[in-house]
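Okay, here's what each chain looks like letter by letter:
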Amino acid sequence: MQVKRQGNTTPQIGLTPLIDVVFILLIFFMVATSFDMPRLLSLKPATGGKGAVSERPVVKIDVGANGKCFLDEIFYDCNEIGRIVRQQEQGDTLSLVTLTPRAGTKLQDVIAAMDALALSGLNDTVLMPGSNQGQDNTQDLSGTEE
Amino acid sequence: MRVPSQKSGQEPVVETMLPLINIVFLMLIFFMVVGRIQPKEQAAIVLPKSSIEAEFHGDLASLSISRDFEIYYLGQIFAASEFMNVVEAEKQNILRTSGTFTIRADEKTDAGKLFALLIKLKALGIENQDLITIQGG
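Sequence lines, in order, name chains A and B.
At position 26 of the first sequence (counting the first as 1) the number is 26 in our numbering, and the numbers step up by one without a gap.
Just remember that our numbering sits 1000 ahead of the position in the second sequence, which is counted from 1.
Keep in mind that a hint or two might mislead.
These stretches of chain A come out as covered by chain B in the derived footprint (C-beta under 8 Å, 3 or more residues) [as the list claims (entries may be wrong)]:
1. 39-47
2. 56-70
3. 76-85
4. 101-111
Taking lysine-lysine and the DSS-like style, the derived pairs with C-alpha atoms no more than 25 Å apart in a straight line are [what the hints assert, rightly or not]:
5. A/Lys68 - B/Lys1091
6. B/Lys1091 - B/Lys1108
7. A/Lys60 - B/Lys1049
8. B/Lys1049 - A/Lys68
9. B/Lys1091 - A/Lys60
Simulated from the structure, these hints should not be mistaken for laboratory data.
Since this is a predicted model, take the numbers as computed values, not measurements.
Cβ coordinates follow ideal geometry from the N, Cα and C atoms, glycine included.
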């Protein structure tokens, strides 16, 4: 049997299907990928009457809409609230801060206040239900004191 | 005008495509390494922004709350009162597995309603409650 010799021609591998697949993979990753790294914020809600009463001085802050915070019914910018609470503290004992959202306050407003407090070293804020939630607002402040 | 053909000495098409293929490969590797595939979530939620440092390495939240306070849990949508009944029924399972609720809530969710819900969950024994946020603020 006579075998046909290929001669000097080198076989060509088509790159087009590879490029097609790589482009599809690229488009998939560009569309499906997120660069926002989520974070976890630990929440400490009040215990609804089951915990111990705090021995630390308690500072009650009402959070209103659009970055308004109320401390002893005086209006402050929520960005300043951490610094103001720290100025009012006597001695080295950190105050226990409670945050109560007023009617219509959005979650972002409260988180902004928590951020400002955390920047001043007040990390363990206790979350109270809104004053319009039909609950007893004199819950034990034992989010961190058990 | 005469269009030059490959026979008349022009480079083959594959060679001119090589820089493009290189760049596409580099982009592909970049997106595969740096990015993170977004988990599929039922509710369209804009996460709140926070500057508090604590990274989240999980994928899915156990609980999603929309801005209209619809609660997405175990693949279903609940109102707040129905949700508490479900959690009460599932309490033993929840406490046995992790005992933690990772909450994904919209930045415009009513904070008062949300905190009232968290207090009820805590009263049921679910002490650990974490909120997913994104960097910002």
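Structure-based check of each hint:
| no. | hint | in the structure |
| --- | --- | --- |
| 1 | 39-47 | holds (count 8) |
| 2 | 56-70 | violated (count 1) |
| 3 | 76-85 | violated (count 0) |
| 4 | 101-111 | holds (count 11) |
| 5 | A/Lys68 - B/Lys1091 | 37 Å, violated |
| 6 | B/Lys1091 - B/Lys1108 | 28 Å, violated |
| 7 | A/Lys60 - B/Lys1049 | 23 Å, holds |
| 8 | B/Lys1049 - A/Lys68 | 17 Å, holds |
| 9 | B/Lys1091 - A/Lys60 | 32 Å, violated |
Of the numbered hints stated above, those contradicted by the structure are hints 2, 3, 5, 6, 9, listed in ascending order.
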